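Engineer: Input sequences plus hints: build the corresponding full structure.
With UniProt numbering, letter number 155 in the sequence shown gets 155, and the count goes up by one each step, no holes.
I should point out that these hints are in silico values taken from the structure, not numbers from a laboratory. Predicted model, so just to flag it, every value in this text is computed and none were measured. Some hints here could point you the wrong way.
If you anchor each label on the Cβ, the simulated ranges turn out as follows [said to hold, decoys possible]:
(1) Pro67 to Thr120: 48 to 58 Å
(2) Leu157 to Val88: 46 to 56 Å
(3) Ser187 to Ala223: 22 to 32 Å
(4) Pro145 to Arg219: 55 to 65 Å
Ideal placement from N, C-alpha and C gives every residue a C-beta, glycine not left out.
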Amino acid sequence: MATQASQDTAVKERIIHHMNADHQDSLVRYLEHYLQVSSFAARNALMEDMSMDSITVTSNGKRYLIPLEPPMDSWRDSRDRLVKMDKVATSALGRSEITVKEYRRPQGLHAVVFVVCAFTFLLFARNANFLPGSYSYHALLKHFPNFSAFCARIQPLVLNVMIVVHGSEAYYMATRKLRKHSVPVGSMLWFQWTISNFIEGVGAFQRFNAIVNAITTERETKAH
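Structural biologist: Rendered as structure tokens:
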């Protein structure tokens, strides 16, 4: 028969594997709330160890010790304790209970808008793109000299307006949407949503909201 110590070790290993595989977002929130670690520094949080009175979490080469207050009496308490800690952290951080863990690339009309916006950004990035001697002029714009000259005149205005408008949208996405739904700052997922939103604007919001709504609907269905 397995000794109590070996049983406890097996239980602990299952907890660590489960948290790292399915609840990494909770570990990030633990660091943010209980130790005031920044979202950026906590973005790669992984549980390394757990005892009756503490959790050891690593992130980006640093090790953090999160006290369990009060200490647990047995491993049977671990699930309830971890869930309760996450609920407290989620509420204190002003986060939603729904964590977005995926990026949904643009398709259909969204893909068309993305390509058009990206092309417009590239074309209006510099005035020379509308003048003779540039690749874009000789490949296409030479057939529309008046339109090309007009675009050359308004290029600085168009570029500045696009940067301000799309930059504001990306800022809102990063500070409101992504933060609310626990997408760690500086993570690959954070960059995917922020850059996509900067390029295409509204489409990224629509896809992000669709993910949140789908998760909400799924939870409500399971609740009934």
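Engineer: Against the range 22 to 32 Å, how does the distance between the Cβ atoms of serine 187 and alanine 223 compare: consistent or not?
Structural biologist: Holds - the Cβ-Cβ distance for serine 187 and alanine 223, about 29 Å, lies within 22 to 32 Å.
Engineer: Quick check on a hinted range of 55 to 65 Å for proline 145 and arginine 219, using CB atoms only.
Structural biologist: Once the Cβ atoms are compared, 58 Å apart, the range 55 to 65 Å for arginine 219 and proline 145 holds.
Engineer: Between the beta carbons of proline 67 and threonine 120, is the distance compatible with 48 to 58 Å?
Structural biologist: Taking Cβ atoms as reference, proline 67 and threonine 120 lie about 53 Å apart, which means the hint holds.
Engineer: Measuring from beta carbon to beta carbon, are leucine 157 and valine 88 in 46 to 56 Å?
Structural biologist: Given range 46 to 56 Å: holds, Cβ gap about 50 Å.
In terms of the numbered hints stated before, the structure departs from none.
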